[in-house]
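Chain order of the listed sequences is W and X.
Positions in the first sequence are counted from 1; adding 2 to them yields the numbering used here.
Positions in the second sequence are counted from 1; adding 95 to them yields the numbering used here.
In short, the hints are calculated from the structure, not lab data.
Some clues are possibly wrong.
In the EDC-like style, the derived pairs of lysine to aspartate or glutamate whose C-alpha atoms are separated by at most 16 Å in a straight line are [as the list claims (entries may be wrong)]:
id : chain 1 : residue 1 : chain 2 : residue 2
1  : W       : K80       : W       : E17
2  : X       : K104      : X       : E149
3  : W       : K44       : X       : D96
4  : W       : K44       : X       : E170
5  : W       : K44       : W       : E85
6  : W       : K44       : W       : E17
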Amino acid sequence: ILNVEQSPQSLHVQEGDSTNFTCSFPSSNFYALHWYRWETAKSPEALFVMTLNGDEKKKGRISATLNTKEGYSYLYIKGSQPEDSATYLCAFGPYSSASKIIFGSGTRLSIRP
Amino acid sequence: DSGVTQTPKHLITATGQRVTLRCSPRSGDLSVYWYQQSLDQGLQFLIQYYNGEERAKGNILERFSAQQFPDLHSELNLSSLELGDSALYFCASSAQPRDTQYFGPGTRLTVL
């Protein structure tokens with residue numbers, strides 16, 4: 003059974019502060035790691051997909067890193083804004099093209115104004 | 096707009112009834128997935144189809160069934176509805192199973 007874990011489960015951050023959270027995944031059979039943002043009352047939206055060890059992706063104030071050897075990815079948000087409040091999901095993509103991606107349970111981020 | 100469409104947007108029905116939720120994937124995507132989000136919970140994977148065939152099953156109740164048609168749209172059938180089936184049902188699609196999934200806007204089902 004493939005296990006994708008995210009920590010912390012929830013996070014409260016002051017507006018303007020920077021924050022980060024973790025996704026742990028199996029280090030074997032790896033193909034890709036996906037990050038999604040899921041705002042309340044909306045549907046999950048793809049942020050990044052990373053495939054190579056050491057990959058870094060950036061979108062505005064949000065960035066992500068990938069370590070496939072040890073099986074973790076970090077998502078960083080610089081200078082948090084209220085609109086960053088959302089649940090951030092990571093998903094592990096296994097090597098087998100026949101297998102679907104496996105979602106973690108998410109980190110719920112709340113930004114205090 | 097992800098390109099995935101779901102109908103209806105809202106559905107209100109009574110216990111014991113049967114409903115059908117519909118999903119049209121992004122153009123060119125062969126895989127369709129159904130997820131349930133109850134109350135304040137996360138995504139619960141229900142079932143996956145790939146090019147018309149069932150590929151993977153999650154925590155889907157026996158009262159629920161799904162299919163993917165030759166034109167690749169999918170339907171999720173929920174029968175003998177119970178109060179606890181009230182939830183947001185998302186459909187997602189991807190080109191291949193291990194690719195990024197794109198989510199539809201969801202169907203909110205309320206069972207009274």
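Consistency of the hints with the structure:
| no. | hint | verdict |
| --- | --- | --- |
| 1 | K80/W / E17/W | 10 Å, holds |
| 2 | K104/X / E149/X | 25 Å, violated |
| 3 | K44/W / D96/X | 11 Å, holds |
| 4 | K44/W / E170/X | 21 Å, violated |
| 5 | K44/W / E85/W | 13 Å, holds |
| 6 | K44/W / E17/W | 22 Å, violated |
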